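Model the placement of chain B on the given structure of chain A, informed by the hints.
Taken in sequence, the protein lines are chains A and B.
Numbering of the first sequence is given in numbering that gives the first Met the number 0, commencing with residue 0 and proceeding in unit increments.
Numbering of the second sequence is given in numbering that gives the first Met the number 0, commencing with residue 0 and proceeding in unit increments.
I should point out that these hints are in silico values taken from the structure, not numbers from a laboratory.
It should be emphasised that the depicted structure is a prediction, and the values quoted were computed from it without experimental measurement.
Ideal placement from N, C-alpha and C gives every residue a C-beta, glycine not left out.
Some hints could be false.
[Claimed, not checked] Short, incomplete list of chain A residues facing chain B, as computed with Cβ under 8 Å:
1. D183
2. L212
3. D237
4. I252
5. V257
6. L268
7. P269
8. V293
9. E294
[To be verified] Take a look, some chain A residues computed to stay more than 10 Å from chain B by CB distance:
10. R90
11. L98
12. G155
13. F240
14. A253
15. P287
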Amino acid sequence: MTPVAELTGVVRHFRIKRFLAPAQQVRAVDGVSFAVQPRESFGLVGESGCGKTTVGRLALGMLAPTSGEVRIDGIDLATLTPVQLRKLRRRMQMIYQDLLNALDPRMAVGEQIGEGLAIHGLGTPADRRERALAMMDAVGLSARLADRYPHELSGGQQQRVVIARALLLEPQLIVCDEPVSALDVSVQAQVVNLLAELQERYGCAYLFISHNLAVVRHICARIAVMYLGSVVEIAGRDELFERPRHPYTRALIAAVPVPDPARRGQRSLPKGEPPSPTRPPEGCRFHPRCPFAVERCRVEVPKLLAESDGHVVACHRVAEGEI
Amino acid sequence: MSTSLLEVDGLTVGFATEAGMLVAVDRVSFSLAAGETLGLVGESGCGKSATCLAALGLLPPNGRILGGRVLLEGRDLVTEQEGELDKIRGGVAAMIFQDPLTSLNPVHALGWQIGEALRLHRGLDGAAATAEAVRLLDRVGITDPRRRLGEYPHQLSGGMNQRAMIAMALACKPRLLVADEPTTALDVIIQAQIIDLLVEIQREEGLALLLVTHDLGVIAEMADRVAVMYAGRMIETAPVADLFSRHRHPYTAGLLASLPRVDRRVERLAPIDGTVPWLGDLPSGCTFRPRCPRVLPLCAEMQPALAPPGEAHRAACHNPVPA
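One chain only, chain A, in its complex shape (with noise of 0.2 Å):
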């Protein structure tokens, strides 16, 4: 089977230039490599500045790889011309945490959602009209609301006219940015289940990226760890947070504060915060925060491997069997 998104080696690069200040060179993404199956719903995590959202935004075509190839249903994406790659986003759909600026204020909402038929020159207004109220009525949104602004409704119905927007073109990959951050527990509950359902029945791909660990395991089948531009860790959902091996891993997993009193406490945390991307370490990049680090760990970089049981892990000490 193609996958509906291969990144293989990519990395992004990118300028900064402060006033009086040399420039500086941001290693955002600095050699990532997954593939994302048809229909498979695969996360992405991660802290902030982990260059989570740039991949996102590089398996869209929204910025191009400094280096290493990423392919959309097997076409490489630096093949195309600027028209070709806007055919093919018909595909591909992107869904944001931030929804007010996701939604244009002055159009209405079932105009909205219709609005990417018209862009791409598909049926007439009658039927882009129809098709959007279906899919209104498909993602819980009632007709009534089909003509009222952006700022008429909660945060929970916004979420919905996006996720609606970006279905009606039946793309094979929607990458979701964070995108029940903002919501309210109950909301946010409400919205994961609508894009869990809309996922067996559309049958599309998800890339979601999300901070959330409890969110990304409930919907991802496969997760991807990123620290600081590298993946440091992919495997199956119950597989990641039953049997973490990454120290990286394992420190985020352990410090999700559990809805469980009886829990309280039982973790130990890695000191300090990440280091800059302007600046990271030589070898593995979490080496100065890790508790199993030696020698080797500060001079050579850890290559991703596969075990046995297709569990993939960049760590020396795990692949030596130490951890």
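Just chain B now, with coordinates in the frame of chain A:
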């Protein structure tokens, strides 16, 4: 009753809006003793932050206390004059917020800001103030504190700024610390570090901690007792273990069933139907009634009171979840 440091009794808070006076906090009562942590939990707009701001006399200009008493070490802050209020607040209570950059002054170095609090509240100056500022920064886990005194908030990470804000709060040797979403903006590992720090400081100093959060995981990690708020009212209060294992209010049950879990697989989330009502148009009787799966005809007629009175575990519900 004399053992309570903070005693809030029938506190009612309104906000003047274009739609008239909206009651954001409706007859909320609780008490807090030294060395104890009370968690106030609920979704956006439930009145948890307004309760704290009102208790410390920090409401924005359009906010007003419409009724009730707030006794801090026996003195009623509602009837106290502004000048007196400053003295009581500064010497007894301190507050930390979600976003440290709103509390820290961007044009002053950390040393100056902590020094100001030491000068105003403890009359320390010069070398004594510097030594104390270094001790406080060290206490909150800031490495190389002497050098940091000369640094500005924009030079520090989010986690460092949050630590600096805690140091500033501790500078006046408070007996009550109010923390409004203190870890919400932080990445998960730093969040866990700050939770551990707050718990440790609270134990060492015997502080009374009023913790406001939307995150039931943070509540489970930190609180001794919990009060759940919905649409301005307290709907359940209990010792932390009871709240998670023997909750009685259907809203509390709904919140817990909405949560995806990092520590176990949940097949399907059970969200609460509908959305939080607008404060200008609250339903009669129990405000949770339109979303409640256990609703009775009585719920529309009579607002339930917290019961049984005098017990540590009380719920405001005519048809509570069976034990």
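Consistency of the hints with the structure:
no.: 1; hint: D183; in the structure: holds (4 Å)
no.: 2; hint: L212; in the structure: holds (5 Å)
no.: 3; hint: D237; in the structure: holds (6 Å)
no.: 4; hint: I252; in the structure: holds (6 Å)
no.: 5; hint: V257; in the structure: holds (5 Å)
no.: 6; hint: L268; in the structure: holds (5 Å)
no.: 7; hint: P269; in the structure: holds (6 Å)
no.: 8; hint: V293; in the structure: violated (22 Å)
no.: 9; hint: E294; in the structure: violated (24 Å)
no.: 10; hint: R90; in the structure: holds (29 Å)
no.: 11; hint: L98; in the structure: holds (14 Å)
no.: 12; hint: G155; in the structure: violated (6 Å)
no.: 13; hint: F240; in the structure: violated (7 Å)
no.: 14; hint: A253; in the structure: violated (8 Å)
no.: 15; hint: P287; in the structure: holds (13 Å)
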